[in-house]
Amino acid sequence: MNKKWVGTNVPRKEGIEKVTGKSKYIDDLTFPDMIYGITVRSDVPRGTIRKIHFADNINWDEFTIVTIEDIPGENVVTLIESDQPFLADKEIRHQQEPILLLAHPDKSLLEEARRSIRIEVDELPAIFNIEESLNKKQIIYSDDNIIKEYLITKGNTDDVWDSAYKIVSEEYHTGAQEQLYIENNGMIAIANDEEVTVWGSMQCPYYIHKALMPLFDLPAEKIRIIQTATGGGFGGKEEYPSIIAGHAALLARKAQKPVKLMYDRAEDMVATTKRHPSHTRQKIAVDENGKLLAIDIDFVLDGGAYTTLSAVVLSRGAIHAAGPYACENIRIRARAVATNTPPQGAFRGFGAPQSIFAFERHLDLVAKQLNMCPVEFRKQNFLQQGSLNATGQKIEEEVRLDKVLDLALEKSQYFAKKKQFAVHNSQKNVKTYKGVGLASFYHGAGFTGSGEVYLASIVGARLTADGKVKVLAASTEIGQGTNTIFSQIAADALGIDYDMVEIETPDTSKVPNSGPTVASRTCMIVGKLVESAVCGIRDTLLKSNLLTSEYTSQQFITASKKYLEDFGELKIFVKYKPPAGIHWDEKNYRGSAYSAYAWAVYVAEVSVDKYTYEMQVDDFVAVQEVGEVVHPILAQGQIEGGVAQGIGYALYEDVVWRNGQMANNQMTNYIIPTSLDAPDIRVFFSEPFQPGGVRKGIGELPMDGTAPAVISAVENATGKHVCHVPLRPEDLMMLYRKET
Amino acid sequence: MRAYLPKYNLTTAKSLEHALQMMNDSKRPIAGGTDLMVLFDMGNLPPGDYVNIHRIPDLQGIEVNDDYVEIGALTTYSQLRQHEIIQQEFPCICEAAKVTGGVAIQNRGTIGGNIANASPAADTPPALLVYDADLKIVSATGEKIVAYENFHTGYKQMQLAKNELIQRIRLPRKNKHNLHYYRKVGTRKAQAISKLCMAGVANFTPEKIVQIKIALASVAPTVIRCKKTEAYFCEKQYAQIDICEAKRILQTEIAAIDDLRSTKEYRIQVACNLIQEFFDLITEENNE
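Chains as they are written, first to last, in UniProt numbering: chain A, 1 to 740; chain B, 1 to 288.
These aren't lab readings, by the way, just hints derived from the structure by calculation.
All residues carry an ideal CB built from backbone N, CA and C; glycine is no exception.
Some hints here could point you the wrong way.
[Stated by the list, open to error] For each label pair, taking beta carbons as the anchor points, the in silico distance ranges come out as: (1) B:N9 with A:T30: 25 to 35 angstroms; (2) B:N9 with A:P105: 47 to 57 angstroms; (3) A:Q427 with B:N107: 40 to 50 angstroms; (4) A:E91 with B:T252: 49 to 59 angstroms; (5) A:S509 with B:N107: 46 to 56 angstroms; (6) A:K51 with B:K227: 54 to 64 angstroms; (7) B:K264 with A:D162: 21 to 31 angstroms; (8) B:L5 with A:S675: 30 to 40 angstroms; (9) A:S169 with B:D258: 51 to 61 angstroms.
Starting from the given sequences, assemble the full structure and let the hints guide the process.
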């Protein structure tokens, strides 16, 4: 196949609409007779609802009020388990539990009304963190608070400890993180007893579709979900939008009017999902040359009050926990536990940033105790072609992580900087300490294990009336470039112009289920299906003798129009087929967890203010092997954005919990880095390890390696051993104090 | 927006007299709105009658005479940043204006509004304190001059009656300093509220420190001048100065607390460290 479009920086498919303000986001839309909804929530973390009081300062007759009595079907948010209700019945498990829904034509009355409802609750003692949950201070989930547990074993770690040259143990913590997409969550619904239609900001139309069928007790064809222009997601619009869509539709059904339910920033931050906080215990045995002999990891995530996606997040975290390193003996115990906080959820990296942080930090510690260079220590333990990773998957491709490392070292001048900074830091009267740090890691693309087989994604393509090709997929454009890369891939597969490919709006009445827009799977998995689907169109035209094997774009259009004239329409659907040689044992967590991995080495340079302990990332080098890069500018942008988000995770973003609830749910006090706080982020894509245009995911990769690289650099600058993120200046001060 | 709009009335004042007359009827003033609109959006601004003073000419402009620079209360941070005399003689004010919010806030927010908002975390007030600013305050019945140092009397408490407006901020030009120090410690480089900030000015000779002035924000219920700490340095030869003693005195003058932005411990420690940095700068300047 000749590649004319893939690998080039074509204009974004929806770019003009976005920069000219023509794109319609959900809050830009109004419908005739539309009214506005709001959610009334619990304000205690755990308890039993006794009574709901409506104050008499409000004329409640004007309001549409939805209670659990108004739910026509099942009151459960269908996901992995059916434990989360759309509206709390009696039991309250976290502070943001939805209890009632209100709607009114005057938007400005809603907040007043919400504040005029008092929920009388018999409070129960609650638990708020991993320690309290593991210690069973209260039992709030099942009989042991454990939402899910996995055990990954390779070899036998117990045989190693006694004879090892050195054993190093340590504990690591990571905090919650808010996705902070630029567009708040919101939905508009129209509903009656027979059908439900919802428009909104989302990543996964078919997740919402699946959740609304049982809620309304309606068949698939009676539920229609339509994505509107979406201002970012980062995982935050994977599962929670199902709840908002359900709420909007319940209000619409009762009011018999369209209902818009928009969250403001404060509600979006306090009520919706965040990255799971984690606690990891690391124990590593090495020989005197720094060879990894045994790795024992105990990895725990705080899942919050309901099951939601925690089991899957935990799985990815566990599989990535031992990084891209070869070791004969590995034991990874992973648990997600319940607490009385709003459920934590999907967020870029999906469990891997937590476990990779702990592992990369621990490798630095082991290297230090061995008196070895952390770079050399990592390098000699890298996975190579033919090695087996933690789940026993044989690495088939010709991995050269050492080359990725060399490029990162060269671009960052790691060794020169390290020397130079050592001299600088030892001078008298320096005002800032400088340091450089590094992390090496990999990230599996697509759903884990048999996930893609279960998903059985379908993509379609059809001819349009003017002879062009339209891609039919539920994969959403959320700012990351889905529309553009699908068009590039389709145009090259067909040998036609980029402008001749159109993308259908993700609307469940128009597009098949190509699976959720998550897990860095859109480009790699769905992109391949797009290729197959459009090839089906071409093959049909060839077989109909309307095209010969060599054709121009114009000839393609002519042939298409002729086909439509003769046969009415042409639509081709293709379904995912797993690649050969992929075996996954779900029960024992053994085998090929992912069909491809992206590989990376990141280097951060920081300075630390001597007087204020403020840390600034001064330079950042991100080198990765992601296979074929479809759109260099978009890919670079993804990496830069992810690194900035990773810097936030490492140094700034601190969710302050009070009584199981985010207390700093405003952008003035939940601190993300601004452009002034971000360094020049230098992104490099290494040569693909294998030829043939293999594509791997890139979206989640930069979230994994940034925090450990930044913290490694802080440690290099200060000499302080840092075991947690976010590392605020306040925390660094305490580390200084501890040692003096 | 969580505020219920019908509960608010906003009238635009045509002149200073008009504004003061409306304030006699217990309407509350709103200037740039960069503080009040945040409360409003969250539904936390008290409902009632407000008077928009943002365009009143008598509260605008920066005037310079031999004795004073007089800053109209509605002067924005952007205007402060760009003013040549202020840059030369009162650089801490420019520095403070530069690190307040972001460009949009600097274009809209006013120095008078910042003072009257009476946040103990405000960025510019410490600079006003070390420059011995005073405030010209007007009401429908008269005017008064209040030393800024005495203006804030407690958390969100000040010498400003409900019917009074700050008209001008006056900076005396007679004091000359060898060194001006301003440092904001925010949660990030822009769009941040202070964890603490410090302004300092110093007069010194190769032999001794003649006089220094120090003011801090975010370490007490109001912005504060640290006069005991200042007194410790006054007229002391360098060899006599025990910086640890200065830090100890400083700690008796501040009353830091834990909040969403930072901790008490950090604020105390870094306040001491900034005194150290200020002193280090004086000694460096002296050695050059």
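Consistency of the hints with the structure:
1. B:N9 with A:T30: 25 to 35 angstroms: Once the Cβ atoms are compared, 28 angstroms apart, the range 25 to 35 angstroms for A:T30 and B:N9 holds.
2. B:N9 with A:P105: 47 to 57 angstroms: Given a distance of about 23 angstroms, which is not inside 47 to 57 angstroms, the answer is violated.
3. A:Q427 with B:N107: 40 to 50 angstroms: Holds: the Cβ-Cβ distance is about 41 angstroms, inside 40 to 50 angstroms.
4. A:E91 with B:T252: 49 to 59 angstroms: With Cβ atoms ~52 angstroms apart, the hint holds.
5. A:S509 with B:N107: 46 to 56 angstroms: 47 angstroms, holds
6. A:K51 with B:K227: 54 to 64 angstroms: 57 angstroms, holds
7. B:K264 with A:D162: 21 to 31 angstroms: 48 angstroms, violated
8. B:L5 with A:S675: 30 to 40 angstroms: 34 angstroms, holds
9. A:S169 with B:D258: 51 to 61 angstroms: Hint violated: Cβ distance 32 angstroms, outside 51 to 61 angstroms.
Consistency with the previously given hints fails for numbers 2, 7, 9, ordered from lowest to highest.
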